[in-house]
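Protein chains: 2
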Amino acid sequence: MADAGMILNVARRIADVRKQGTGVVAVVSAMGDTTDGLIDLAHSVSDQPRPRELDLLLSTGELVSCTLLTMALADLGQEAVSLTGSQAGIHTDTSHGRARIHRVDTVRMLKELKEGRIVVVAGFQGITEDEDVTTLGRGGSDTTAVALAAALEADRCEVYTDVDGIYTADPKIVPEARKLSEISYDEMLELANYGAKMHPRSIELGAVYNIPIYVASSFNQTPGTLIHGNADKREMEDRIKVTGIACTTNVAKITVRGVPDRPGVAAALFEPLAQSAISVDTIIQNTSEDRTTDISFTVSGHDLKAALAKVEELTEEIGFAALISEADLAAVSIVGSGMQHTPGYASRMFRVLADGNVNIDMITTSEIRISCIIREEQAQEAVRLLHRGFQLDELDPVNEPETK
Amino acid sequence: MADAGMILNVARRIADVRKQGTGVVAVVSAMGDTTDGLIDLAHSVSDQPRPRELDLLLSTGELVSCTLLTMALADLGQEAVSLTGSQAGIHTDTSHGRARIHRVDTVRMLKELKEGRIVVVAGFQGITEDEDVTTLGRGGSDTTAVALAAALEADRCEVYTDVDGIYTADPKIVPEARKLSEISYDEMLELANYGAKMHPRSIELGAVYNIPIYVASSFNQTPGTLIHGNADKREMEDRIKVTGIACTTNVAKITVRGVPDRPGVAAALFEPLAQSAISVDTIIQNTSEDRTTDISFTVSGHDLKAALAKVEELTEEIGFAALISEADLAAVSIVGSGMQHTPGYASRMFRVLADGNVNIDMITTSEIRISCIIREEQAQEAVRLLHRGFQLDELDPVNEPETK
Chain L
1 MADAGMILNV
11 ARRIADVRKQ
21 GTGVVAVVSA
31 MGDTTDGLID
41 LAHSVSDQPR
51 PRELDLLLST
61 GELVSCTLLT
71 MALADLGQEA
81 VSLTGSQAGI
91 HTDTSHGRAR
101 IHRVDTVRML
111 KELKEGRIVV
121 VAGFQGITED
131 EDVTTLGRGG
141 SDTTAVALAA
151 ALEADRCEVY
161 TDVDGIYTAD
171 PKIVPEARKL
181 SEISYDEMLE
191 LANYGAKMHP
201 RSIELGAVYN
211 IPIYVASSFN
221 QTPGTLIHGN
231 ADKREMEDRI
241 KVTGIACTTN
251 VAKITVRGVP
261 DRPGVAAALF
271 EPLAQSAISV
281 DTIIQNTSED
291 RTTDISFTVS
301 GHDLKAALAK
311 VEELTEEIGF
321 AALISEADLA
331 AVSIVGSGMQ
341 HTPGYASRMF
351 RVLADGNVNI
361 DMITTSEIRI
371 SCIIREEQAQ
381 EAVRLLHRGF
391 QLDELDPVNE
401 PETK
Chain A
1 MADAGMILNV
11 ARRIADVRKQ
21 GTGVVAVVSA
31 MGDTTDGLID
41 LAHSVSDQPR
51 PRELDLLLST
61 GELVSCTLLT
71 MALADLGQEA
81 VSLTGSQAGI
91 HTDTSHGRAR
101 IHRVDTVRML
111 KELKEGRIVV
121 VAGFQGITED
131 EDVTTLGRGG
141 SDTTAVALAA
151 ALEADRCEVY
161 TDVDGIYTAD
171 PKIVPEARKL
181 SEISYDEMLE
191 LANYGAKMHP
201 RSIELGAVYN
211 IPIYVASSFN
221 QTPGTLIHGN
231 ADKREMEDRI
241 KVTGIACTTN
251 VAKITVRGVP
261 DRPGVAAALF
271 EPLAQSAISV
281 DTIIQNTSED
291 RTTDISFTVS
301 GHDLKAALAK
311 VEELTEEIGF
321 AALISEADLA
331 AVSIVGSGMQ
341 HTPGYASRMF
351 RVLADGNVNI
361 DMITTSEIRI
371 SCIIREEQAQ
381 EAVRLLHRGF
391 QLDELDPVNE
401 PETK
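Protein sequences, first through last, are from chains L and A.
With the first letter of the first sequence counted as 1, position 71 gets the number 71 in my numbering; the numbers rise by one all the way through.
With the first letter of the second sequence counted as 1, position 254 gets the number 254 in my numbering; the numbers rise by one all the way through.
In isolation and in its complexed conformation, chain L is listed as follows (with noise of 0.2 Å):
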């Protein structure tokens, strides 16, 4: 939410669906850049400050716009309570700063609802079972209203953001991209995992609990994008398989040469990695037949330094050749889930990248998604030369207009 008038909008916005009968539980994030002024203000006291405290400070934004909501729903007369994460029954670890949620004990927020009240919940926010608050880190207050939704059992979740739906691409690099009134689970996770403005962690959390999301603007009443398991099924019969392209920047990419080809090593480079917090994304590793191989991985650009100190430090026990980084990379994927069952999508995607003299770096695949890695300086004419070449542009094969 951005600021009192958002907040006064959306209060309507909540009022309305409420007065169509149906019980509402609202979970709100932190107005505009709260969270960032907090972040600033424990730095403006401490030079690196204690994550159980910088937790209970952030998780102060939500509760100001928690309570703002709640007082504008009962201005507008409808009866509302807010709810603070450990007053809704969120329980999480103790991993503050990206805690992941145990279990929601829905005592309380059934209570209210019961009692006909609109139910506003801090979002991003839990508690542990020492009450210290946690936060949820990044995606948290999505996560915090799909795992609600879950355990409440609720018919769907809408999530109201700055985005007005889920695109074929960016349309910010591709203006003729297309708003998919539908997507399915597995087609959104690839494509937020490579740079569509959602996190993944709630998708992955609406999949498994089969929650539909709903995805749209908070600031007017465009149609959205609603997330969905039974996506996949209608796509089968379609002709043109790819849902969206994504496009990841900021890559880098690190690669160990000549390390001795004996089991263990791959978890001998990963693990302190892991350790560390540094996140890899894609990994190759191509045997040979001298007994030594290859890896290369990539990282977000952010990571590289650290990545390489830390791969350096490995030198003497995994006994490799070189190490080479190189940064300003971009990953570029076509995402579709008809895509495993039809045979010709990576080389026509290959394909259309050398006829843009787009060159490839690396390639990656999973059951839905294929991605190459190529030149940062090239991704926004490769996101277009893609968009075009799979002719998303044209037609809405894969999602048929709602009729509901």
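Honestly, I wouldn't trust all of these hints.
In this list, chains with the same sequence are indistinguishable; a pair is considered to hold if it fits within one copy or across any two.
Once the Cα atoms are required to be at most 20 Å apart in a straight line, the calculated SDA-like pairs of lysine to any residue come out as [claimed, not checked]:
| hint | residue 1 | residue 2 |
| --- | --- | --- |
| 1 | K305 | R351 |
| 2 | K172 | T34 |
| 3 | K305 | V280 |
| 4 | K197 | T35 |
| 5 | K172 | V24 |
| 6 | K114 | A321 |
| 7 | K19 | E312 |
| 8 | K197 | E158 |
| 9 | K114 | E131 |
| 10 | K111 | T128 |
| 11 | K111 | T94 |
| 12 | K114 | I360 |
| 13 | K310 | A266 |
| 14 | K179 | R384 |
| 15 | K310 | T255 |
Because the hints were derived from the structure by calculation, they are not lab data.
Given the coordinates of chain L, assemble chain A onto it according to the supplied hints.
Chain A only, in chain L's frame:
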């Protein structure tokens, strides 16, 4: 606490105390005008913010300063932990905005203290049996501090604030006013009720549990004032028994003339005022011979209009003859616990005021206080006259220099 720089100051001071081997529980208030800012925010989304929501909103102010102080302490190498009112076990009634503390569950605080940590508690807040957050209202953070000191059986409670101690009169009015090194609970209560910058509530609690309260500046290291129970005894032998001069401005007086002198009339008059949350201060009633009486009472100037309206509604029920009001009055008081044992203070006070041409409108007395209602425009002069008249500028007979 004013700002981030202030937090670092306070952290250093607490760290110094801790280094002497003392266990420390620090209670913090919100920074600067945070609370006013939050109230403005509430009014930006709601004409009448619900008290329950407002409490949760306001409680975030103390959470912010509480976590920041804890981070700053950690940076100074001090193990510290921040606790919300709930985590600190502060249980209150359900009167949102002016909750009263029922009990303090010290388990968590004692556990943290035992592990050698400085415990930093968010003041001004507590939690109901239903786990709803409450705020304590005016004087809330001081009250939290004294309540925790009592519950933890602490040696004393230190209040660092924007005044550097208790003076014989307001130094802004009387430049020669002296700071008291000590004062009794009772005297402090009278001074607090009549204008000194401490809320009577925390003093009352300190008196009940016999917790010495040390009031000093958070800006500098000047010695402050110790409020305690033993201050009475020493004063018994002192020559001059007046401890200080208090002054309340913006006082209004309402007189109800010709009230039938029968049982239940006072109750019929003051119960509706209490129900409207109008605080009545001084009440004077004179019986007369013709079976009617006049009742005069004072209220804050802010409440005059509402109080008059309320009393007017009672015209028929009570059957009085006339209703007269007067605004722009002030109450000046002399306070001293020795007065109750020594005659002549009242007459000396009246003489001092008469010699200064200050007309006295009403007089009330308690065991250790004599108050006169006068014209507000003469209030400052009256305080100066009384300060000089009782030689408060010349000696410190009440408070010998401390020898600890």
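Here is how each hint holds up against the structure:
1. K305 <-> R351: Cα proximity of K305 and R351: none, with 34 Å in one copy and 83 Å across.
2. K172 <-> T34: neither (26 Å within a copy, 39 Å between copies)
3. K305 <-> V280: Within. Shortest intra-copy distance 13 Å satisfies the 20 Å Cα cut-off; inter-copy 70 Å does not.
4. K197 <-> T35: within (18 Å within a copy, 35 Å between copies)
5. K172 <-> V24: Neither, since 34 Å and 55 Å both go past 20 Å.
6. K114 <-> A321: Result: close neither inside a copy nor across copies, 67 Å intra and 53 Å inter.
7. K19 <-> E312: neither (62 Å within a copy, 42 Å between copies)
8. K197 <-> E158: within (15 Å within a copy, 51 Å between copies)
9. K114 <-> E131: Answer is between; shortest inter-copy Cα gap is 18 Å, intra-copy 26 Å.
10. K111 <-> T128: between (22 Å within a copy, 17 Å between copies)
11. K111 <-> T94: Result: close only across copies, 18 Å inter versus 27 Å intra.
12. K114 <-> I360: Neither, since 58 Å and 61 Å both go past 20 Å.
13. K310 <-> A266: within (14 Å within a copy, 82 Å between copies)
14. K179 <-> R384: Within one copy, since 15 Å is at most 20 Å while 77 Å is not.
15. K310 <-> T255: Cα proximity of K310 and T255: one copy only (13 Å, versus 83 Å across).
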